[in-house]
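Read off the chains here:
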Amino acid sequence: DTAVSQTPKYLVTQMGNDKSIKCEQNLGHDTMYWYKQDSKKFLKIMFSYNNKELIINETVPNRFSPKSPDKAHLNLHINSLELGDSAVYFCASSRGQTTGELFFGEGSRLTVL
Amino acid sequence: GENVEQHPSTLSVQEGDSAVIKCTYSDSASNYFPWYKQELGKRPQLIIDIRSNVGEKKDQRIAVTLNKTAKHFSLHITETQPEDSAVYFCAARRTNQAGTALIFGKGTTLSVSS
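One line per chain: the protein sequences are A and B, in this order.
Anchor point for the first sequence: position 100 equals 100 in our numbering, and the numbering is continuous, going up by one each time.
Anchor point for the second sequence: position 16 equals 16 in our numbering, and the numbering is continuous, going up by one each time.
No wet-lab data here; the hints were simulated from the structure.
We treat Cβ as the ideally placed atom computed from N, Cα and C, and that holds for glycine.
Certain hints may be false.
[What the hints assert, rightly or not] Looking from chain A toward chain B, a few residues come up when the C-beta cut is under 10 angstroms (computed):
| no. | residue |
| --- | --- |
| 1 | Tyr-33 |
| 2 | Asn-50 |
| 3 | Leu-83 |
| 4 | Gly-105 |
[Claimed, not checked] Lysine-lysine pairs mimicking DSSO-like chemistry, simulated, CA-CA at most 30 angstroms apart:
| no. | chain 1 | residue 1 | chain 2 | residue 2 |
| --- | --- | --- | --- | --- |
| 5 | A | Lys-41 | B | Lys-37 |
| 6 | B | Lys-71 | A | Lys-40 |
| 7 | B | Lys-22 | A | Lys-71 |
| 8 | A | Lys-41 | A | Lys-9 |
| 9 | B | Lys-57 | A | Lys-44 |
| 10 | B | Lys-68 | A | Lys-41 |
| 11 | B | Lys-106 | A | Lys-9 |
| 12 | B | Lys-37 | A | Lys-71 |
| 13 | A | Lys-67 | B | Lys-37 |
| 14 | A | Lys-41 | A | Lys-67 |
| 15 | B | Lys-42 | A | Lys-52 |
| 16 | A | Lys-44 | B | Lys-58 |
| 17 | B | Lys-68 | A | Lys-36 |
Take the sequences, apply the hints, and build the full model.
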């Protein structure tokens, strides 16, 4: 039973399009995150939510809008996609903000052409 | 904010040798330091972690040491095996007015040849 699941796993799209990635966790965790992993493998925090409330917005462009309808779900919508948005986006969750291991989803590879 | 430096960026060893990866952090308030292993095309997974009230922790062939004064921590893998080949990330938990998050180093690609 997958703990943190993301869809889709692969996304190929044209510049200027809008796309969404969905994430769900069945661990009962309170905190969820989006991380971006670029071509050099660097894992960078983008957002975190705690019980549906936005906690961290790490100077990400306004084109990126996270939404958390409930504490088990955290979606990421990206408007006006640019070439530099190509990356693997990882959703993750933890029991709390300061407690527990970070569990990652499988990642969603976004390619912008 | 917290900055985590990781060295080396690549490491090649022979099977059976030891591997050591080192990280430094900048925020003395950081109190949790996990290590993640990411195999090719897979998600990062926790392999070991250490909290700031402990100097060393061991789990079979892997160990982590922490020097709070110097603000550095290291991952030690003994008797390396080909399946240890992966990218390893250190991280430090940052807490500031913006919230709490794990800040990752840039990763070390470990290659173990048989």
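Tested hints:
no.	hint	in the structure
1	Tyr-33	holds (7 angstroms)
2	Asn-50	holds (8 angstroms)
3	Leu-83	violated (22 angstroms)
4	Gly-105	holds (6 angstroms)
5	A:Lys-41 - B:Lys-37	holds (12 angstroms)
6	B:Lys-71 - A:Lys-40	holds (25 angstroms)
7	B:Lys-22 - A:Lys-71	violated (35 angstroms)
8	A:Lys-41 - A:Lys-9	holds (17 angstroms)
9	B:Lys-57 - A:Lys-44	holds (26 angstroms)
10	B:Lys-68 - A:Lys-41	holds (27 angstroms)
11	B:Lys-106 - A:Lys-9	holds (23 angstroms)
12	B:Lys-37 - A:Lys-71	holds (27 angstroms)
13	A:Lys-67 - B:Lys-37	holds (28 angstroms)
14	A:Lys-41 - A:Lys-67	holds (25 angstroms)
15	B:Lys-42 - A:Lys-52	holds (27 angstroms)
16	A:Lys-44 - B:Lys-58	holds (28 angstroms)
17	B:Lys-68 - A:Lys-36	holds (29 angstroms)
Against the hints set out earlier in the document, violations occur for numbers 3 and 7.
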